[in-house]
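*Asks:* In terms of the UniProt record's numbering, the sequence shown opens at residue 1 and continues consecutively.
These are calculated hints, taken from the structure and not from any lab test. There's no promise every hint is true.
Derived EDC-like pairs: lysine to aspartate or glutamate, alpha-carbon spacing no greater than 20 Å straight-line [as the list claims (entries may be wrong)]:
id : residue 1 : residue 2
1  : 75        : 29
2  : 27        : 39
3  : 121       : 106
4  : 51        : 67
5  : 23        : 68
6  : 51        : 29
7  : 121       : 35
8  : 23        : 67
9  : 23        : 5
10 : 51        : 35
11 : 23        : 35
12 : 51        : 106
13 : 51        : 68
14 : 121       : 104
15 : 75        : 106
16 : 75        : 39
17 : 123       : 104
18 : 27        : 12
19 : 23        : 12
20 : 27        : 67
21 : 51        : 72
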Amino acid sequence: MFMVDRFGLLTDGMPNLLPFQNKLVQKREQLQSWDTTSEALSLLDVVRNVKPNILIGVSGQPGLFTEEIIREMHKHCPRPIVMPLSNPTSRVEATPQNILSWTDGEALVATGSPFSPVTVKGKQYPIAQCNNSYIFPGIGLG
1 MFMVDRFGLL TDGMPNLLPF QNKLVQKREQ LQSWDTTSEA LSLLDVVRNV KPNILIGVSG
61 QPGLFTEEII REMHKHCPRP IVMPLSNPTS RVEATPQNIL SWTDGEALVA TGSPFSPVTV
121 KGKQYPIAQC NNSYIFPGIG LG
């Protein structure tokens, strides 16, 4: 699991780490081979280097899951699972419409708030709602 906060990927030696974050840090020495030029590792850096299958958002930062991030994820995963779980809908990391458009309808999407079905390339996709009571603590800690 790779945790990213407003300062970037949680790594050992970061200033201002909270006690609960210490269990979630990555060792800097293990990231030396990463393709990046930045000291602070962004979510895009993580997606490029880790090539994840699942992206879970609980940040409340609208637009955090950008087109570039979702397309990068889709390059390495034919059926990415993207879960923008922030509430209310105005705080969601990316809309189901955008996620499905950016992946040509191939992403599996579940949101924390209800969304209407989305149509991409003439096909309608129902949007699953994944309430916080279902995602935490099981999947969140998994």
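*Asks:* Look at each hint and say if it fits the structure.
*Replies:* Evaluated hints:
{"no.": "1", "hint": "75 to 29", "in the structure": "violated (26 Å)"}
{"no.": "2", "hint": "27 to 39", "in the structure": "holds (14 Å)"}
{"no.": "3", "hint": "121 to 106", "in the structure": "holds (11 Å)"}
{"no.": "4", "hint": "51 to 67", "in the structure": "holds (15 Å)"}
{"no.": "5", "hint": "23 to 68", "in the structure": "violated (29 Å)"}
{"no.": "6", "hint": "51 to 29", "in the structure": "holds (19 Å)"}
{"no.": "7", "hint": "121 to 35", "in the structure": "violated (34 Å)"}
{"no.": "8", "hint": "23 to 67", "in the structure": "violated (30 Å)"}
{"no.": "9", "hint": "23 to 5", "in the structure": "holds (14 Å)"}
{"no.": "10", "hint": "51 to 35", "in the structure": "holds (12 Å)"}
{"no.": "11", "hint": "23 to 35", "in the structure": "violated (24 Å)"}
{"no.": "12", "hint": "51 to 106", "in the structure": "holds (16 Å)"}
{"no.": "13", "hint": "51 to 68", "in the structure": "holds (13 Å)"}
{"no.": "14", "hint": "121 to 104", "in the structure": "holds (8 Å)"}
{"no.": "15", "hint": "75 to 106", "in the structure": "holds (11 Å)"}
{"no.": "16", "hint": "75 to 39", "in the structure": "violated (25 Å)"}
{"no.": "17", "hint": "123 to 104", "in the structure": "holds (10 Å)"}
{"no.": "18", "hint": "27 to 12", "in the structure": "holds (5 Å)"}
{"no.": "19", "hint": "23 to 12", "in the structure": "holds (10 Å)"}
{"no.": "20", "hint": "27 to 67", "in the structure": "violated (28 Å)"}
{"no.": "21", "hint": "51 to 72", "in the structure": "holds (8 Å)"}
In this structure, the earlier hints numbered 1, 5, 7, 8, 11, 16, 20 are contradicted, and the remaining ones agree with it.
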